[in-house]
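There are 2 protein chains.
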Amino acid sequence: MKPAVKRIVAMPVLLFYFAVLSQTTQIKIRQYCQANQAELIEEYREFLSIPNMAADSLNIRHNADFIKQMMEKRGIRAELLFGKSSGTNPAVFGEIKVKDAKHTIALYAHYDGQPVNPKQWSEGLSPFNPVFITAPLERGGTIINYTKGDPINPSWRISGRSSADDKAGVMAIINAYDALVKTKVTLNNNIIFFFEGEEEEGSTHIGEIFEQYKSKLNSDIFIIIDGPRHVTGKKMVSFGVRGDVNMYLTVYGPKRPLHSGNYGNWAPNPALNLVQLLAGMKDEKGNVLIDGFYDDVVPLSASEKEAIAKVPGIEETLKKELGIQQPDGEGKPFLELLSLPTLNINGIQSGNVGSMASNQIPTKAEAVLDLRLVKGNDGERQMQKVIHYIESKGYHVIDKDPVDEERLQYARLIKITHGTGYNAQRTPMDLPIAKSVVQAVQSTIDYPLVLIPSSGGSLPLIVFEQKLNAKVLSIPIVNYDNNQHAENENLQISFLWEGIETIAAVMTMQ
Amino acid sequence: MKPAVKRIVAMPVLLFYFAVLSQTTQIKIRQYCQANQAELIEEYREFLSIPNMAADSLNIRHNADFIKQMMEKRGIRAELLFGKSSGTNPAVFGEIKVKDAKHTIALYAHYDGQPVNPKQWSEGLSPFNPVFITAPLERGGTIINYTKGDPINPSWRISGRSSADDKAGVMAIINAYDALVKTKVTLNNNIIFFFEGEEEEGSTHIGEIFEQYKSKLNSDIFIIIDGPRHVTGKKMVSFGVRGDVNMYLTVYGPKRPLHSGNYGNWAPNPALNLVQLLAGMKDEKGNVLIDGFYDDVVPLSASEKEAIAKVPGIEETLKKELGIQQPDGEGKPFLELLSLPTLNINGIQSGNVGSMASNQIPTKAEAVLDLRLVKGNDGERQMQKVIHYIESKGYHVIDKDPVDEERLQYARLIKITHGTGYNAQRTPMDLPIAKSVVQAVQSTIDYPLVLIPSSGGSLPLIVFEQKLNAKVLSIPIVNYDNNQHAENENLQISFLWEGIETIAAVMTMQ
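Protein sequence lines, in the order shown, are assigned to chains B and E.
Each residue of the first sequence is one higher than the last, beginning at -8 in my numbering.
Each residue of the second sequence is one higher than the last, beginning at -8 in my numbering.
Chain B on its own, in the form it takes in the complex:
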C-alpha cells in the first residue's frame, strides 16, 4: 500500500497506475512460471493422474490430500472440510491473512471431474494418463514424446480428465499465491482458498459445508475460477451462471430382450417409443415445445443487454471450427440464446450400436436430459413442465423400475428420476467490488476485457449467495476448445500461465 497514491482518485490516472503496478507484478509472475515450468507441469501431471469422479470416494480423497500437500508445501495452512452427511467429499480449505488487508478475497475451484468413458478417447490419449499434444488430434495434433526438463511450448496442450475443468483452477490459484510469495510481491488482501470435490455431481453438499463453516468463509468477494475464456481467446469476467438439473428417463419394452425377427412388428420397441417422446420436445430450430418452458425467464436488464452488445461476435468462428452449418436459435445472438433455459439430450442409449449391435428388441431405452436454468427458473418447476409434457403423451410416470402389475396396466411406462440441481445466479454488473476485480483483470491485458452478464455453464453460485451472503464473480481461465465434460479434454499450457497472472492480479488488487 502506497499512501501517496491514495489521494489520487481520478479514474483514468488510477487505471494507469494499476496498469503499471500490475505490469511489473505480471512480468515477475510470468518469469516465475517460465523458470519453474518443468516442476509445475510435473506436479500437474501427477495431480491429473489421480482419477477424480465424484462418486469414486477413495480417489477423491487422494485428490484432496494431494491438494492439501501442494498448499502446505507453499506455506498455506490447509484443512479438509467435510459436510455433516456421511459420504461427503471434502472441500479443501486454506487461508492467508495479511496486515491491513484491503479485502478478503475467496477463490474457488473444484477438483472433481465429469464421468469419463476411456474408450471414447482417441488412441494414445487416456483420461488419467496425461500427455502433451501439439494440438487437438482431430485438428492434426500429435502426441509429444516429452521428458521432464524438455522446454515446454506454451501452445502445447496437456490432455486428461479435468486438465481444463477444473484442476486447472486449483493449480492456477495455488501457484498464483506461490508466485507472488516467491517473487516477493506484497499481497493487499486476505485470501481464502476453497476447492470443492462434488461440483460435477451437482455440488450436493456444498450448502451443508457452507452452513457448517460459514465463519471461515466470510469474504468480500467469492471468485470462481472455472470454465473457459471467451471464444475469441480473450480474458473474461462473468457475472452469473445458469442453473442446472439433470433428468434421467427410462422407457420400458419387453421384460426380456427379444429376437427382432421372431417378435418384430408385434413387440413394441422402447427405443422407438423414447425417440418419439423426445422428438416432440423441441422443434427443428431448437425451440423447446413443452408448455410454459420459457414462461418464468427474467429478461436481461438494460445494462446486461448493453454488456452483451459489446461482446465480440463469435458465431462465424464457431461455425467454422465446429463444422456447424446451421446453428439452432433462428439466428439469435449467441449470448442471447445462452440467457434462455435449455433442454439438451446428454445421452441416449438402447440396445447397442457398432460392433456390439445385435438384432434385438431391447428391454429399455434410456436418456439423460440436461435442463439449464436462467434467472426466474426454478429447477423443480422446470422439471414438472417436462413431466407434464411426458404425461400428456400418455405415459404413466414411475420413479423405480416397474413391477409386473404396472407393466400390464400401462401401455406407456416411464421411470423419471433427477439429480440434485440448483438455480441460476446473477450478480449486478455495477457492484463496486466487482468493478475492482474487473480492473485488476483488465490491468493484465491490452484489449478490452470481455464482460458477460451470465455464462452458459452452471455452478451452484446461488448457494454462495444463499448460505454465505457472498458476492460472486467468475473468472474463467482455460481455452474454450478444451473438450470439457467429454473425451480428449485438454488445457493449452499458455492459458495456465496466463491464468496464474490473472489470479495474481486479483490477489493483489486494491
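Hints were generated in silico from the structure; no laboratory data involved.
Treat the hints with caution; some may be incorrect.
A pair holds if it fits inside one copy or across any two, identical chains being indistinguishable in the list.
[Unchecked claim] Listed below are the simulated DSS-like cross-link pairs for lysine-lysine, each with C-alpha atoms no more than 25 Å apart in a straight line: (1) Lys323 with Lys175; (2) Lys246 with Lys110; (3) Lys276 with Lys310; (4) Lys391 with Lys311; (5) Lys110 with Lys355; (6) Lys246 with Lys323; (7) Lys59 with Lys207; (8) Lys110 with Lys391; (9) Lys406 with Lys310; (10) Lys205 with Lys311; (11) Lys19 with Lys406; (12) Lys75 with Lys88; (13) Lys93 with Lys276; (14) Lys384 with Lys276; (15) Lys462 with Lys310; (16) Lys225 with Lys139; (17) Lys310 with Lys246; (18) Lys93 with Lys75; (19) Lys64 with Lys19.
Take the given structure of chain B and dock chain E to it, following the hints.
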C-alpha cells in the same frame, strides 16, 4: 426298410406305423441321452466356453476345430470348407452314406453367435462361462452350484452366448446321429452335416461356399436346425423365413463434444436430430410410415393362411410373460404381423447414459436398424425406401465420415452404411418331401405339430435355393424364451434332449 410295409399305403395306417416305429426309436434315444447326460453336458459346456463372434476369426477357428473333433469322435468324417475369399469363416462339413438310402437329408446349424456385451449380463452370468440356472434370473431363477456327475434336472437352463442360437443345433444334430448309431437304429437316409460360421453376420460367404462345394451338398431336403420352438412349447416346422438386412446410421453434431451449458441452445444436438428422424419412420401403432414400405409384399396363399389359422394363439401368453400391455399391430394376429416387413431399432446411442453420462452436446448419434424382409421384398429396394425417406427430411446422405467442406455445406448430414443381407424364402407347404419330414416330427409327439408358412426370424435360405437348388425346411428346437441375440441367453436342457429325439426321427424317416 421293411418291404412288408411298403404295400400299406392308406395314410392313417402308415401314420400309425411310423408312430410305433418312431416311438421305439424315440425311447432308445431318450434313454441314451439320460444315460450319457453328464458327458454330453460337459462337452457342451466346453463348446460354449469358446467365444464365437463371427468377427473373431481365431476363436471361430477354435469352434470349427472343436466341432470337427466332436464329429470325428463319433465316426463322422469331417472337413472344414472355406470360401474362395480370404477371411472366410469355415463351414464344418461331414457326411454319412448308407446303403439303399431313401433320401439324402442335409442338416444345417450355425456355430457363430451374435455380438455380446458382457456388462449387460446379470451378475453371475457370463457369455462364455456357461452355468446352470434353475430358471431365468429375472423370473426368480438361481445359479446352480453344479459338479460334473450331479443329476441334471431337464427343467434347468444352461446360460451362455449361443447356448440356444445355435450351438444347440450343432449339438443336437451330431448327437442325434451318435445316439442312433450307439442304440443300433438303422438309418434310412444319407446324412449331410453342414455347420456355418458366419450366420450372425449375414452369412457373407455361404453362397461362395455353396458354389465351390455344390456337388458335396446335393440333398433331397436341407433342414435348418435353428430358432425357437413355438411359444406354446410345441414342436414346430417352419416353411420359410424372413430376409434381413441391417442399416447403420450416423448423424453428426459439432466436430468436438461441447459443454452443454456453454453451447446449449446454439449448437445443434445430433441426438435430437436422430430421434426426430427416427420418430417419423413409424406411427405409434408400429406401422412404418415410409413411402411404399409395404408395396412389394407377396400376400400369403390360401394354404398358408389356412395353416396360420390352425396355429395356437399366443398373444395373451406373450403379453403376460413379456409385460406388454399394448402390442404393436393394431390387434392383427401375431403370425400375420410376422408375414410383413419390419423396421426395428436394434440400438441407438449418443453420448452416455447411467454413471458415464455427462453434460455435453455429443459429436454424433448412431442407430442400427434391422429391416426384416418378406417374400416380394428386395433388400436393396427396401433400403432405398428408407434412404429416400431420410433424404426427404433434408438430409444429405454420405457413406463415410464427413469432411469439413461437407459439414459446412449441409445442415443435416447422415452416414448410411449397411450389412450384407438376404431376401426371404418360402417353401410350398404341399411339397412331398416336406410332408415326410412333417410326419417324422409329428411321430415324436402326441399333439398336433405347429406348421407355419414363415418364421419371423431370418436365415439365408434363399441362398440354399439359388445356389444348391435345395428344398429347405426349418425345425427349431430350443425354448422360445432363450434371450437369443441378447444378454442372458439360455437353453432349457429338456429342449436339447427333445431336439435330439426330433432330429433322430428325421434322420430315420421313410
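Structure-based check of all given hints:
In this homomeric assembly, Lys323 and Lys175 never come within 25 Å of each other (Cα to Cα): the closest approach is 49 Å inside a single copy and 84 Å across copies. When the C-alpha separation of Lys246 and Lys110 is checked against a cutoff of 25 Å, the pair qualifies only between copies, where the shortest distance is 18 Å, while the shortest distance within a copy is 29 Å. With identical chains, the CA atoms of Lys276 and Lys310 are at most 25 Å apart within one copy only, with a shortest distance of 16 Å there and 39 Å across copies. Taking the shortest Cα distances, Lys391 and Lys311 sit within 25 Å of each other only across copies (20 Å), while inside one copy they are farther apart (44 Å).
For the homomeric pair Lys110 and Lys355, the shortest alpha-carbon distances inside one copy (23 Å) and between copies (15 Å) are both at most 25 Å. Proximity of Lys246 and Lys323 under a CA criterion of 25 Å is satisfied inter-copy only: 22 Å between copies versus 45 Å inside one chain copy. For a Cα distance limit of 25 Å, the shortest separation of Lys59 from Lys207 inside one copy, 17 Å, qualifies, whereas the shortest one across copies, 76 Å, does not. For a Cα distance limit of 25 Å, the shortest separation of Lys110 from Lys391 across copies, 21 Å, qualifies, whereas the shortest one inside one copy, 29 Å, does not.
Proximity of Lys406 to Lys310 under the C-alpha cut-off of 25 Å is restricted to the inter-copy arrangement: shortest distance 20 Å between copies versus 37 Å within a copy. Taking CA atoms no more than 25 Å apart as the test, Lys205 paired with Lys311 passes in neither setting, with 47 Å inside one copy and 57 Å between copies. For the homomeric pair Lys19 and Lys406, neither the shortest alpha-carbon distance inside one copy (57 Å) nor that between copies (53 Å) is at most 25 Å. Taking identical chains as interchangeable, the C-alpha atoms of Lys75 and Lys88 are never at most 25 Å apart, the minima being 27 Å within one chain and 81 Å between chains.
Neither within a single protomer nor between protomers do Lys93 and Lys276 lie at most 25 Å apart by alpha-carbon distance, with minima of 50 Å and 70 Å respectively. Proximity of Lys384 to Lys276 under the C-alpha cut-off of 25 Å is found in both arrangements, the shortest distances being 21 Å within a copy and 14 Å between copies. For the identical chains of this complex, Lys462 and Lys310 are neighbours neither inside a copy (35 Å) nor across copies (59 Å), given an alpha-carbon limit of 25 Å. Proximity of Lys225 to Lys139 under the C-alpha cut-off of 25 Å is found in neither arrangement, the shortest distances being 30 Å within a copy and 72 Å between copies.
Within a single copy, Lys310 and Lys246 get their C-alpha atoms only as close as 44 Å, which misses the 25 Å cut-off; across copies the closest is 10 Å, which meets it. For the homomeric pair Lys93 and Lys75, neither the shortest alpha-carbon distance inside one copy (33 Å) nor that between copies (84 Å) is at most 25 Å. Taking the shortest Cα distances, Lys64 and Lys19 sit within 25 Å of each other inside one copy (21 Å), while across copies they are farther apart (83 Å).
The structure is inconsistent with the numbered hints 1, 10, 11, 12, 13, 15, 16 and 18, although it conforms to all the rest.
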